[in-house]
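Hints are included, so try docking the two chains, each in its own frame, into the full complex.
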Amino acid sequence: MSLEKITNPLHVRHWLGDMEADYIYTLGVAGEHFLEEIKENGRIMGAKCPRCNITYVPPKMYCEKCFAKLEKWVDIGKKGVVHTFTVATIDVDGKKLEKPVIYALIKFEGACGGLIHKIGETKPEKIKIGMKVEAVFKPSFERKASINDIAYFKPAE
Amino acid sequence: MSEVAIVGVGCVGFRPILPELSYKELMFEAAVKAYEDAGINPRKDVDVFITCAEDYLEGFSIFDEFVPDQLGAVLRHLFTVSGDGLLGLATAYMLIKTGQFDTVVLEAHSKASDILTFMDIVAFALDPILNRPLGGHPYYVAGMEMNRYLHDTCTTMEQCAQVAVKNKKNALENPYAAYGANITLDQVLCSDTWFYPLKKLEISTPADGCVVMVLASENVAEKLTDKSIWVKGVGWCTETPNLETRDWSKTVYTRLAAEMAYKKARIHSPWKELDFAEVNDLFAYKELQHMEALKLCEYGEAGKLTEEGLTARNGELPVNPSGGLLGMGYGLEASGMQKLLEVVLQLRGEAGRRQIPDAEVGLAHAWRGIPTATGITAVLSNVK
Ligand SMILES: [Zn+2]
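Residue numbers (the numbering used here), protein chains in the order written: chain S, 16 to 172; chain D, 1049 to 1432.
For reference, chain D alone in the conformation it holds in the complex (with noise of 0.2 Å):
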């Protein structure tokens, strides 16, 4: 069976607004960059399109049938997942692997700021009969996970904050990151108590921008390039949608993504095993919570690593050094693709002056927002 190589990325943005340009013309000019560093030719070169999109984020209903244009995809191949761009990446892979595809063009974007009632959009997927209409901003489910957590495990309103400093500061290093800062301990506990114990500075704020792939099977990809990104292996998993049942402390559903990729991947001690990890960090808790999920260390002890600076870009194992989606900004169903990308770059070598020495294997991972309960996770290595 053929190994899956990513062989070009692009992106544009991310930004707190990209006013100039519409959701079309953000995918053209990152797929433009895309194919440029894939060197190919969308119109002859590939065999499939993914899009992920889902279509209340988009404002239009079949958002599918607005994709294929802006791609070079027009009766060509295509089709959209409804979901994180790492849904799209498992698809892909899947579609190499069977043998019968080749190359195949990985797409997802964000135009957040073209939402006006993006908390409502959130709120409507809350149980329509059992939570909905107790109303209120949707978020107060996250200030109640954070509240079991820290609970459950004993770690600190403190830890967590420090998941907001470390990340905003790397982000600083990012020309991909909207949100990037330098800011104090102090700065994020004295900020906002919007949903207790979570702080304002501790929530991911939207970012516009896109990430297009070009991923191809071994054949086709050391023609390309010799400077393949190999996916070593891709999980995913959902727990059940229902708040009232599901686990507030752990994350089973980035546990179980987490195992079906190590076990293809053959990851079996990830602390070591791994150079970096890109963890979701949509709020800064939930760093710590997916870092134990990913069996990167002990059940409640995230926090106390983050606290002595082991995750820190120059720790034993850097998170996000990309910034994550606290530093770049929250890129909805592109926030997966965030993390590959900068999986990709450091991999490459072409992380500028955020680069890891000698990066060799890395880890993405997603986690599709409040209120859902499903997680992507990828292995990927320089190394095929």
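So that you can see chain S by itself, here it is in the shape it has in the complex (with noise of 0.2 Å):
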């Protein structure tokens, strides 16, 4: 151990770094049909493993639980069921967010899974866990094959 120690807060000295790490990141086979559906046909698609019987959303190339190789895709619709959910009310840097958001897990019905995304068209208060809720797509002239081509979800029925 160091005898003398640095007691007096002045002399404590720091170096400012930082590190730009930029990556572009591959979509995938399953990524790019998943992505190309929402933004050219406004579609949600699964990928179906026909031996464990299951459809997965988002699709995935392979079934995780018996390791297949997936190429069955599943149009499964616009509606889901908020399956948790919370609002966040301050933003990365820790700053109060003017507008709180809403998060949400939609899960689909015969779908292992589900998306995670934001609820609009109503208050907090309002949400609850099981209620439904329809995807609301962007004009198709602002879509860039991106999970943000998803507006938000909004309460359905």
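For the record, the hints were derived by calculation from the structure and aren't laboratory data. Incorrect hints may have been included.
To be verified - Okay, the calculated bits of chain S under chain D, using three or more residues with CB under 8 Å as the criterion:
1) 52–66
2) 79–91
3) 103–110
4) 122–129
5) 161–168
Unchecked claim - Distance condition first, Cα-Cα at most 30 Å in a straight line; then the derived BS3-like pairs of lysine-lysine:
6) Lys80/S with Lys1343/D
7) Lys1298/D with Lys122/S
8) Lys143/S with Lys1248/D
9) Lys133/S with Lys1298/D
10) Lys1248/D with Lys80/S
Stated by the list, open to error - Not the full set, but computed from the structure, chain D residues with beta-carbon under 10 Å of chain S:
11) Glu1068
12) Arg1180
13) Pro1186
14) Ala1190
15) Met1192
16) Ile1231
17) Leu1233
18) Leu1237
19) Asp1240
20) Thr1288
21) Ser1297
Glycine included, each C-beta is placed from N, C-alpha and C at the ideal position.
This is how it looks when you write it as structure tokens:
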């Protein structure tokens, strides 16, 4: 151990550094199909494992249960159910958000998985676990093959 | 096969910030304490050194290369585990069990105060195509998990808040704790709701610190000390990284990690056989979820037990007598080592005013935080 310790805070110094790290993330076969369908046709697709009879949303190229390769695409519709949700009141820097953001996991009938997304056109106190919601797509000219081509989910029925 | 013992521990911190020490000096000071405690010379007596660190949390590429000097490990046999300190413990345990290595040094640290954009790093761990484009503070994932857990188990917000009250109070007696406090249930419940239903005071705050331990085979341990703490079993497990398909209510990763450790340690009824447990409490509700997955009680029962005081320091099964991460501070990849340190001190009878009388068997548990589904469990005893 050092015998001499820094006791004057003015003598504590640091060097400021950062690292820039930019990437592209390859969508892959399943990811590309999923986002292209959202962009071009406004459809949410799953991938079905014929062996396990499970439809994965978002779709994958392989079955996480039996390890089979998946090649069958299924349109799972736009409507789902809120499996869980939260209302975020601060942003990534810890600053209070002007308008709270509602995040939810939306599950679809007959599908394994779901989508994490935002909920709109309603108030935080109206959201409940188990409520039905429906995807609202951005207008087609604004879509970029991104998960954000779905603007948000809104209460359905 | 040789039993595996912990024969030396050293800790510096944990403090909200440790501005006067660089991460290297932090490791050095903790290592000096651990070697002194074990009575070893790191330049001669250590077969393998293991550090546990994640590049992004350190601000280095290939951080492994930056660790030998301050541990006395230059030109010695060293590697880094990119994960929690308890994964390092599992690795050290296996090395000694092979019979090829007798003395292993294990290190993990947090210089969280050096990270200016910690939450951006956490957000960077989310799926880049499906989740990251949504933006926002990544702890929304915890809010969603807590909400579903409360929904499925009828656990109440008050019961979760009680975890924060208990742990911060326990931390007042722990010199290694950064955030000890006497707070009321109302104070927790009235703190800002950051991610409904998760409150500000139910979220652990990062802290700076370092823990170094010396592990040894039976033969070496018995020559070095008469206060060996024996590793009876270790287990680990990872669920899917996909937020979309994982279980949002039960922490399956912890259940399977616990079963692996209990099998090895021959633990059949954890509530009865353990004298205390150090359980990951990065968020208050996580302590309850993890208690259930660790089979300390039935699914959905942990909140009630906490409310009734059974997990308090003088309760039937104290949970997080150290103050947990809510009280000690979140030591990033050292968070499992914070738990392990408390288990060792309690089993040695060196836990000072927070000592649990006659403690013989303790559990340390870690979770790698948002958005992971990785859990590690270790069972330790002062009886070989
Ligand atoms: Zn399958």
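The hints, checked one at a time:
1. 52–66: With 0 residues in contact (Cβ-Cβ under 8 Å with chain D), the coverage given for the region 52–66 of chain S is violated.
2. 79–91: Coverage by chain D is violated for the region 79–91 of chain S (1 residues, Cβ < 8 Å).
3. 103–110: holds (count 7)
4. 122–129: holds (count 3)
5. 161–168: holds (count 3)
6. Lys80/S with Lys1343/D: holds (25 Å)
7. Lys1298/D with Lys122/S: Holds, at about 18 Å.
8. Lys143/S with Lys1248/D: Status holds; Cα separation ~22 Å.
9. Lys133/S with Lys1298/D: holds (24 Å)
10. Lys1248/D with Lys80/S: Status violated; Cα separation ~38 Å.
11. Glu1068: holds (4 Å)
12. Arg1180: This hint holds: Arg1180/D lies near chain S, its Cβ roughly 9 Å from the closest one there, short of 10 Å.
13. Pro1186: Holds, because the Cβ-Cβ distance from Pro1186/D to chain S comes to roughly 7 Å (cut-off 10 Å).
14. Ala1190: holds (8 Å)
15. Met1192: This interface hint holds because 5 Å falls under the 10 Å limit.
16. Ile1231: violated (20 Å)
17. Leu1233: violated (21 Å)
18. Leu1237: violated (16 Å)
19. Asp1240: holds (7 Å)
20. Thr1288: holds (6 Å)
21. Ser1297: Ser1297/D check passes; min Cβ-Cβ to chain S is 9 Å, inside 10 Å.
Hint compliance for this structure: hints 1, 2, 10, 16, 17 and 18 are not met, and every other hint is.
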